[in-house]
Amino acid sequence: MAAVHAPTGRAEQLRRMSDLAEMAARGTRQVVFLSGPAGIGKTTLVEALTSGLSGYRQVAVEGAPGERLIEFAAANRLLQTLRAGAGGGRTQQKIPGDSTVLTAGGALIEAVDDFKADQPLVLLVEDAHHVDTGSLRAFGFMLLRMPEERVLTVVNTEHVHQSRKDMGFVRDRPGTTHIELTGLTRAETRDVLAAMSPVPVSASRLAVVHRWSAGNPLYLRALVHAATTGGLLPENPAHGPVPPSLTQIVQDWSTSFPSDSTCALQALAVLGAPADLPVLQRLTGSSTVTDAVEPLIREGAARWLAVGSGHERIALIHAGQGDALYAGIPAAQRKRLHRRAADVLAPPEHWRHRIAAAESYDAELAQQLRAEVGTELSQGDSSLAAQYLLGIAEVDPDGAARSTALLRAVRLLVVSGHYQLALTHAPRVLATAAGPERSEVLGFLEVARGHDAGAAEYLRMARRGYGSDEESAGRTSAELASVQGSLGIGRQAVQAAQYAIAHSSDPSVVGQAQSVIAFASALLSGPAEALRTLSHLRENPTEVSVHDLGSLACRGILRGLSGQLHGALGDLTVVSRRKTPGVARRNDFGAVIHAVAARMLLGELTEAHRMLSLALDEAQTMGRETDFAVLHSISASLAALQGRWSTAQEDLAEVRSIEAASDFSGPYFHLVQSASTVAFARQEWHAVVDPLARVLHEPAHRGRARIYAVWALPQLGVASARLGEADAAEDVAARLDQLESHSALTAVCTAWVRGNASAARHDHRAALRHLRDGLAVSSDGGEPALHRAMLRCDYGRLLIESGDANEAVRQLTQASAKLREMGAAPLEAQCGELLRRTDSTAGISGAQRLWVSLTDREQDVAKLVGQGWTNKEIARELYVTTKTVEYHLRHIYGKAGMENRRQVRDMVQMLR
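The sequence shown maps to residues 1 to 912 in this note's numbering.
There's no promise every hint is true.
Claimed, not checked - Think about it this way: if two alpha-carbon atoms lie no more than 16 Å apart in a straight line, the pair counts; the simulated EDC-like pairs of lysine to aspartate or glutamate are:
id: 1; residue 1: Lys872; residue 2: Asp856
id: 2; residue 1: Lys883; residue 2: Glu110
id: 3; residue 1: Lys335; residue 2: Glu394
id: 4; residue 1: Lys883; residue 2: Asp114
id: 5; residue 1: Lys895; residue 2: Glu833
id: 6; residue 1: Lys863; residue 2: Glu821
id: 7; residue 1: Lys872; residue 2: Asp114
id: 8; residue 1: Lys335; residue 2: Asp291
id: 9; residue 1: Lys94; residue 2: Glu110
id: 10; residue 1: Lys883; residue 2: Glu148
id: 11; residue 1: Lys863; residue 2: Glu833
id: 12; residue 1: Lys863; residue 2: Glu877
id: 13; residue 1: Lys335; residue 2: Glu349
id: 14; residue 1: Lys863; residue 2: Glu873
To be verified - Simulated restraints, written as ranges between beta carbons of each label pair:
id: 15; residue 1: Gln683; residue 2: Ser802; range: 18 to 28 Å
id: 16; residue 1: Ala194; residue 2: Gln367; range: 53 to 63 Å
id: 17; residue 1: Gly868; residue 2: Asp343; range: 50 to 60 Å
id: 18; residue 1: Arg538; residue 2: Gln379; range: 19 to 29 Å
id: 19; residue 1: His178; residue 2: Ala776; range: 51 to 61 Å
id: 20; residue 1: Arg171; residue 2: Pro691; range: 54 to 64 Å
id: 21; residue 1: His178; residue 2: Trp304; range: 24 to 34 Å
Don't read these hints as lab results, they were simulated from the structure.
Every residue, glycine too, gets a C-beta built ideally from N, C-alpha and C.
Build the full structure now, drawing on both the sequences and the hints.
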C-alpha cells in the first residue's frame, strides 16, 4: 500500500483498515463496518484508504432512501456495475423482486468472481442504512459464503446495529471488524479549523465550538463557510448569527455557493439519490448545470459516482448532509422540486415525489396510489405496495383511511419479511384507534419480534372484532392458526384453521390454513396420521401451486418425521427454493431444518453440514430470533455427531440465550432435544435420560413429543437401557411400536431400542434376535444409515459378550466403515474401541485416511470433482467463487500428493 496522509484524527483507524486490506489481499475476506454520525468523516477515511491501494479492483454501491422498500434495488445496481466492469456490458437482466436471498446472493457471487478475476477487491457499501433490506441480506449472504476470498468490504453506515443485523453479521465472526468514528479531540478540531480558515481561533472560542460541535467535521466545515465576513467564527454557535441546529448551519453553508450550485444541492437533497446530469438539469431548470456542479465537487460538497461503462452520476457526500439540506429548503421550494422530480422520474420514484409534493390532503392522489397498490399486489411485489400504502397514510383526506393504509402497509412489511422496517412503525400503529385492524397488526408486530404467545392474544382479539367481516376474520384466523401451531396448541390451531377455510375465499389464506391443519393434526395424532390431510397435493412437488407451498413444506416435514426420507427431501428442496406467501413463509426455515435432518438420518452428515451452513447464513440476513433456536439446535446435534464438541457447546449456549428471552416453550423443547443428542454422542446416559424423559412427559410439550417422536425416542430408549432401566427402555419401544410406520426408519429404531432393552435384562438371545431383525429391514423410503450403523455397532458389542468374536469383528468393521464414511467420528471411535476388545483392528486404506483428513468444504469439492463437475459448476452449487474452489483443490492436492483433478476423481470413485 502506498503512503497516504491520514485525515486529521484518523491515523489509527486508517492504519487498522490498511492492515485489514493487506490481510484481504493475502486471501482472508475482511468486512469492516464503519459507523458514526452524519458528517463524522467516514467517507473521507474510506477515500484515504482507497487512494493508497494499488493492484486492487474497486466497486461501490450507495444506499438511496427512495429505494429503501424496493427489494434488491441496490443489489441490482451493484450487479450491473460488476457485469459492466467485467467486460460484459450493461444488461437488462436483473434479480427479480420475488427472488430468494440464495438466488440474489448467488448472482452476486458469480458477478464478483468475474469482476475481480485474480486481483483483490475492495467493495464499498456507502450509506448502508439506506440500502433496501433484500440487498443487505444478499450482500451479507454473499460475504458469508466467501471466507477465503481476497475481498475487503467496507460498510459505511449511521445505524451499525441494524445494518449488521440485516447483513447477518450481528454476531461476531472471524474477519469482521467494527470501527466507530467519534468526534475529534479539541486539538484535532483546532487543526481542522486552522486548515479551513486563515483566521486563528482563540482557546476560549475553540472550547465553545468543540463542545457545541462534538468535534464533528461537518459541523466545523459548516461553521467556517457560514462565518461572518473575515472568516471569524461566532463566539457561541448556539447564540450567534449561526442557528444552533445543523439544518440551519448546512443551509447557511449551502447558500455560500453560487446560486446555481445551491439549487443543484437542493435538487440532489430532494432526489435523495445520485442523479444523472440531465435529470439534475431538468430539476434545476439550469442550462449550465455542469458549471453549477463544479464548485460543489471542488469544495467537497458533492462527488462524482462511477456507475460503470464510463457513466457517472453526481451525489451528495452522505445521507446526513442530504437530510440537513432537505430540511433547510423552504417548503414552497421543496414541493416545487418534488413536482418537477415527479414529472421527470418514472415509478416508483414518481409516486414518492408526488406524495412529497402534495400541498394538502389529496383524494385523487390517494386513489391513484390505491390503484398502484392493487397492481403491485397482483404482481406479487408487497414491498412496493407497502410503500404506496405508507404514502396513502400521508395524503388521504380521510383520517380513517389514513390509519387503514398505515395498518395495511405494516402488515405487508411483515408478510414480505421486512420485520425490522415494520417495527419502526410500531409507535404509529399504537397511536391508531382501537379496532380489529389495529389488533391484527399488533399481532403481526409480535410475530416480527418472535413473540408468538403475544401474537396469539392480539390475533384472537382481532378475529373477534372483525365480526361479520368474514374475509378479514378468515385471514386473521389463518394467521392465528399458524401461531397456535407454533405454540404447540394443536386442537385450537385446527379450529382456527377450519374457521379460516370456512370464512375466506382467498386461495393463499385457504392454503395456509390447510397447512396448519396438517401440522396441528401431527401435534394431536402424529406425523403419519397427519399426512392423510395432505392427500390433495400433487405427488410431484414442482407441480404444487404457490398457494399450497405451506402445505408442501408441511408434507415434507411430516414425511421426514415418519421416515419417508427421500420423499421428504423432494418436497423440502422445492419449498426452500420458492417463496411462500403470507406469514406462513416462516415455514421456509422449517423446511431447511428438516431437510438437514433427513440428510443426517441418511448418513449424509457432510451434506447436512453444508446445507445447515447455507441456512444459518440465510437466517442471519432474514430470520427471526426464534429461527436461530431451531437452527442452532440442529447444528449442535450435527456437530456432536461429527465430534466438533466446542461448536456443539457454542450452539447450545446460543439456544439457551434465545430460549431465555422467548415467550413460548418451543425453543426449550429443541434445546433439550439437541442437548440430549450431544450427551448421547458422548455416552453420557444420565444427561440423555433425565431431561429428555421429563420434557417428553410434560403437558406443554405433548404435541411436539408426538411430532418428533422418531427423533427423540430412540436415544431415550437406548440410553435408558444402558443405565439398566430395562422397563423404561421397553416402554419407549412400545411407544415406537404405536407409530404408524411407512418406512424403514421406525422399524429399525424400534428393533434397536428393543434389542438394548433385552440386553439390559441380560436376555442376550432375544437382544441379538431383535437387532438382527433391525438389520434385515428393507430400506423403504430411504436408508436410515445413521441409526442402522449404531444398531450394527450394538449388535457387534452383544456378539462379543456372547463369545462370537469373528462375527463381531465382521459387524463392527462394517459399522465402523459406514460411520467413518459419514464422518461420525465419536460413533466410529466407539466401534473402534469394541474392535480393540476383540484383539483385531479394522484396516483403513490410504484413501480413507486421506478422506478423513480433508475439511468439510474440501470433501464437498472433492465429491463434485468425482462426479465430473467443472469448477464453475461446483462454485454455483456450493455458493462460493471459482477462486474458492481452486483454493480447496490446491489444499487437496497438497494433502494427497496429487497433481490433477483426475487423481482426485479416481480417489473419490474408489472410495465409493
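Tested hints:
no.	hint	in the structure
1	Lys872 - Asp856	19 Å, violated
2	Lys883 - Glu110	11 Å, holds
3	Lys335 - Glu394	15 Å, holds
4	Lys883 - Asp114	10 Å, holds
5	Lys895 - Glu833	27 Å, violated
6	Lys863 - Glu821	12 Å, holds
7	Lys872 - Asp114	11 Å, holds
8	Lys335 - Asp291	25 Å, violated
9	Lys94 - Glu110	14 Å, holds
10	Lys883 - Glu148	9 Å, holds
11	Lys863 - Glu833	29 Å, violated
12	Lys863 - Glu877	12 Å, holds
13	Lys335 - Glu349	15 Å, holds
14	Lys863 - Glu873	13 Å, holds
15	Gln683 - Ser802: 18 to 28 Å	21 Å, holds
16	Ala194 - Gln367: 53 to 63 Å	58 Å, holds
17	Gly868 - Asp343: 50 to 60 Å	58 Å, holds
18	Arg538 - Gln379: 19 to 29 Å	25 Å, holds
19	His178 - Ala776: 51 to 61 Å	58 Å, holds
20	Arg171 - Pro691: 54 to 64 Å	26 Å, violated
21	His178 - Trp304: 24 to 34 Å	29 Å, holds
The structure fails to meet hints 1, 5, 8, 11, 20 from the earlier list, while all remaining hints are met.
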